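Residue numbers (our numbering), protein chains in the order written: chain U, 641 to 994; chain E, 641 to 994.
These are computed hints drawn from the structure, not numbers from a lab.
Because the structure is a prediction, the values reported are computed rather than measured.
Accuracy of the hints is not assured; some may be wrong.
[Claimed, not checked] Partner residues aside, some chain U positions facing chain E, computed with beta carbon under 8 Å:
id	residue
1	N821
2	R833
3	G859
4	G862
5	V901
6	R903
Glycine residues also receive a C-beta, built at the ideal position from the N, C-alpha and C atoms.
Protein chains: 2
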Amino acid sequence: LTPYASVEWADGLVRVLDQRRLPHEIVYRDLVDEGDVAAAIRDMMVRGAPLIGAVAAYGLALAARRSAAATPGELLADLDRAVGMLSAARPTAVNLTWALGRVLHRTGDPSIGGVEAIKWAALDEAQRIAREDVSVNLQLGHNALPLIPDDATVIHHCNTGGLATVGVGTALGIIRAAHENGKRLHVLVDETRPRLQGARLTAWELRELGIPHTVIVDGASGHFMRTKVVDLCVVGCDRVAANGDTANKIGTYNLALVASVHRVPFYVAAPTSTIDLAIPNGEAIPIEERPAREVTHVGEEWITPKGTLVANPAFDVTPAAYITAIITEAGIAYPPYDASLAALVKRGQAGVAR
Amino acid sequence: LTPYASVEWADGLVRVLDQRRLPHEIVYRDLVDEGDVAAAIRDMMVRGAPLIGAVAAYGLALAARRSAAATPGELLADLDRAVGMLSAARPTAVNLTWALGRVLHRTGDPSIGGVEAIKWAALDEAQRIAREDVSVNLQLGHNALPLIPDDATVIHHCNTGGLATVGVGTALGIIRAAHENGKRLHVLVDETRPRLQGARLTAWELRELGIPHTVIVDGASGHFMRTKVVDLCVVGCDRVAANGDTANKIGTYNLALVASVHRVPFYVAAPTSTIDLAIPNGEAIPIEERPAREVTHVGEEWITPKGTLVANPAFDVTPAAYITAIITEAGIAYPPYDASLAALVKRGQAGVAR
């Protein structure tokens with residue numbers, strides 16, 4: 641599907657592409673236990689809500705494999721400890737707890753007989769989550785096709801491609817599907833400060849895919865909407881609340897407001913695993929504060945005066961009112977989102993159960 | 641006034657602070673002729689619309705001083721050539737052509753007798769422009785005081801302080817005046833990609849002034865308006881059209897739109913020298929496209945994949961409808977701006993003539 645694998649299970653190891661080294665170096669890392677996996681997520685060696693979920697599930701499979709437990713009860717206690725470590729790695733993306741919950745649900749099935757069977761079930765569920773991520777995103781991209789005009793200029797924020805998922809991508813998966821269906825797109829790539837996932841990762845993926853693109857600074861989106869035709873914006877998400885409020889990479893809310901003023905459609909690509917019906921609205925979504933160094937430095941280059949205070953929220957919340965539609969693998973949700981999202985989540989879960 | 645001088649005339653040289661080396665190094669450069677001055681402006685060794693104007697005027701004084709002309713006619717021809725070089729250095733800020741025009745108007749006075757007197761007049765006018773810049777900004781900051789509440793959180797974009805002017809600053813001059821008048825301010829400093837004038841220069845100036853501040857990425861302004869009280873935004877400008885449309889550093893328009901949605905007052909600080917009544921609206925303001933390297937690199941750090949295309953407009957235009965008020969040394973202009981700006985420009989010129 642892609643010339644690179646963001647994550648794979650390899651001989652009892654989890655092998656990930658170290659995204660901090662892109663676009664200049666392709667470096668794979670082998671993670672051997674759940675501590676490695678938690679650190680890889682926390683330090684953003686891997687990032688992107690769907691990928692975080694899949695890698696965390698593999699982390700739990702690693703914990704199961706390495707456990708010295710003699711009984712199912714001991715093994716499940718080991719898994720609980722691993723879940724505690726993995727779920728604390730990053731707070732905002734709900735996919736992390738969703739994926740860990742799926743593995744626990746599977747391993748906790750009392751009908752599974754014995755330690756080895758539980759270990760196998762953990763790995764099988766992790767691999768299932770990874771496989772489903774690819775098929776879900778293919779379907780999501782297909783579902784979006786009627787919304788994407790031909791000859792379209794698209795603004796995209798952060799990275800939501802194969803690198804943010806197990807494969808294909810969410811918002812970038814939509815762009816890819818439209819491209820592969822013969823629609824001519826030009827992508828204006830928000831560079832996405834502070835970590836520059838757009839400039840580093842999305843530009844790299846679009847080049848690999850052969851999709852025309854131009855990198856812009858985040859503050860320029862309004863200028864381009866005002867001075868040339870921008871047909872749509874499409875972004876991913878880290879968590880969608882029941883009412884449609886959406887947490888995504890910092891800068892998403894500004895882009896949504898600017899699009900709203902210009903009446904440019906603003907779409908959120910959301911696998912149903914990213915929709916958290918347990919949270920009524922965006923106020924309840926925890927927003928991660930990341931280290932100041934992400935803002936004060938770019939690589940080894942120190943930007944600010946030494947000692948300068950920085951606020952570095954990694955995400956923001958875009959209220960549902962500024963979102964034109966939320967595109968999932970189970971269909972497209974339109975406002976009012978309370979009803980439409982609940983229906984799609986139900987359909988999404990039914991799809992998984994099949 | 642400040643612990644540093646952005647520009648000074650020193651023994652027949654123009655000495656400038658090399659702003660590309662801030663905040664980590666204080667390096668002064670001596671410019672010896674108009675070619676040096678044009679390069680310093682083009683390469684952004686000096687930047688900020690008012691400072692560009694003052695430095696360009698000094699460049700013309702240098703050209704006069706170095707001219708080997710034997711007659712007034714030859715000297716004025718040399719000055720015309722220098723004006724051509726200097727005015728081409730950067731297109732957007734109107735202060736550049738405004739300042740050069742003032743020197744030319746002075747040196748072109750047929751009542752001046754002889755070559756040496758013309759040379760003296762060129763220098764005198766340049767020094768007058770520089771002195772006036774300081775007094776204009778002090779007055780502008782004073783005029784703004786009624787608009788600034790106590791205990792205010794302010795978002796500021798780019799750099800508009802002593803570094804962007806001969807001294808004091810425009811938008812930052814307002815913040816400074818409020819601070820010195822005992823109003824407790826906290827400044828959220830937009831880092832201002834791509835050149836990071838906020839993170840590099842504004843953070844440095846605010847530290848020197850002892851004004852509390854926090855650096856944020858440009859995309860975070862909406863998040864802070866949504867989650868905490870932001871009382872106002874204040875920015876500078878490179879050119880204000882007759883109808884109030886304002887060209888300023890890229891990212892200003894996004895900030896204005898985000899402020900508008902949140903009903904946060906959005907103020908533009910504009911010495912009347914920055915108001916261009918000859919231009920009816922923002923459509924006619926030339927927007928400079930700067931080198932791609934400003935986006936692809938931070939210092940020596942290469943961000944994007946090699947060969948990635950970049951669009952790098954240095955400025956954007958904020959339509960007058962999103963500007964709460966335009967603050968000048970001659971008073972505060974409110975909408976409709978056609979009438980209010982014309983009146984203030986008249987009063988500003990009268991102030992200069994006094």
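Here is what the structure says about each hint:
no., hint, result
1, N821, "violated, 24 Å"
2, R833, "holds, 4 Å"
3, G859, "holds, 3 Å"
4, G862, "holds, 4 Å"
5, V901, "holds, 5 Å"
6, R903, "violated, 13 Å"
Hints 1 and 6 from the list above are not met by this structure, while the remaining hints are.
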